[in-house]
Amino acid sequence: FVLVSPKSHNRKGNKTQQRTMKLAILAALVASASAFAPMGANSRTSVAMEAESSRREAMAKFGAAAAVFLPAAANAAVGESPRFSVFGLIGDGTSYSEGAAYGSDQAGKVYSPYSVYGEANEKSLYKSDSSDYADRKKAILAETKVRLGKLDGYIAKKEWFNVKDELTRYMYETRGAVRGLSKTVQQKEKAEAFFQAIEATYTAATLKKGDACSKAAASSIATLDAFTATL
Numbered sequence: 001f002v003l004v005s006p007k008s009h010n011r012k013g014n015k016t017q018q019r020t021m022k023l024a025i026l027a028a029l030v031a032s033a034s035a036f037a038p039m040g041a042n043s044r045t046s047v048a049m050e051a052e053s054s055r056r057e058a059m060a061k062f063g064a065a066a067a068v069f070l071p072a073a074a075n076a077a078v079g080e081s082p083r084f085s086v087f088g089l090i091g092d093g094t095s096y097s098e099g100a101a102y103g104s105d106q107a108g109k110v111y112s113p114y115s116v117y118g119e120a121n122e123k124s125l126y127k128s129d130s131s132d133y134a135d136r137k138k139a140i141l142a143e144t145k146v147r148l149g150k151l152d153g154y155i156a157k158k159e160w161f162n163v164k165d166e167l168t169r170y171m172y173e174t175r176g177a178v179r180g181l182s183k184t185v186q187q188k189e190k191a192e193a194f195f196q197a198i199e200a201t202y203t204a205a206t207l208k209k210g211d212a213c214s215k216a217a218a219s220s221i222a223t224l225d226a227f228t229a230t231l
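So the sequence shown is numbered by this note's numbering: it starts at 1 and just counts up by one.
With a straight-line Cα cutoff of 27 angstroms, these simulated DSS-like cross-link-like pairs (lysine-lysine) come out:
(1) Lys109 - Lys127
(2) Lys215 - Lys188
(3) Lys188 - Lys127
(4) Lys138 - Lys183
If you are wondering where the hints come from, they were derived from the structure by calculation, not from laboratory data.
Make the full structure from the sequences, and use the hints.
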């Protein structure tokens with residue numbers, strides 16, 4: 001018989017437990033490291049194939065949806081070459097193109113290969129010499145005179161911002177009307193004098209020069225009357 005000391009038995013048990021714990025820790029470290037290891041070639045190939053398959057499916061669905069909105073004329077029949085048009089110079093006129101198919105489906109000649117509108121002629125709805133347009137421009141001049149008549153009150157109160165606002169909020173229409181009604185050399189000269197007068201009024205208001213602004217405002221009304229008298 002061999003007598004074993006209790007202390008000796010305890011030391012062996014502790015060593016076994018320590019060895020077991022070390023093995024468990026080592027196994028855990030190996031498992032953690034493998035989780036961060038690069039994927040193998042087979043895994044990369046599988047992911048790439050799945051991505052390619054998804055991309056192809058998406059493109060196929062997009063193409064099918066787009067085909068619904070394309071006109072039948074742009075699709076070639078079996079055995080035919082695709083029909084197309086290059087800047088309206090090459091093609092058979094049946095292809096889909098911007099505008100009015102470059103004029104191929106218009107009853108008359110269009111303004112340009114890229115326009116859906118015909119050339120101006122005697123049948124056009126708009127006529128530059130129509131009395132309706134002239135009357136509209138004259139009405140703008142009448143309203144302009146009303147607005148210019150307000151300038152003296154603004155100048156007297158030194159409301160320079162109101163003077164400049166009055167000369168900008170409506171004068172764009174005024175300039176268009178004056179230029180549209182100016183046909184003769186005399187009318188164009190009087191129109192230029194009116195433009196200079198309102199510009200002088202605006203400048204004087206910016207500089208806050210009351211006397212100069214009042215003088216220019218009066219000149220703008222006088223030059224407008226002189227122009228209107230030639231119509």
